[in-house]
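The sequence shown begins at 1365 in the working numbering and counts up one residue at a time.
For the record, the hints were derived by calculation from the structure and aren't laboratory data.
With a cut-off of at most 30 Å between alpha-carbon atoms, the simulated DSBU-like pairs for lysine-lysine come out as follows:
no.: 1; residue 1: Lys1390; residue 2: Lys1401
no.: 2; residue 1: Lys1401; residue 2: Lys1417
no.: 3; residue 1: Lys1389; residue 2: Lys1417
no.: 4; residue 1: Lys1389; residue 2: Lys1401
no.: 5; residue 1: Lys1390; residue 2: Lys1417
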Amino acid sequence: MDQASLAVIAARVCYTELVFARVNKKLATTLTTTEVKAMVQQILNDSSSQLVKRG
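Construct the complete structure from the given sequences, taking the supplied hints into account.
Right under this line is the structure:
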């Protein structure tokens, strides 16, 4: 997938409380919802980020 696809995903990404809990559990942290959102946006907007289609 290209940067245009990442931009669309970044604009449309949504979060639930379960998402925040899973991120914190996976990373063994206690990030706030704002910090998780900022981290996800930073990753999606990074020019070196790549998506791989599976399945």
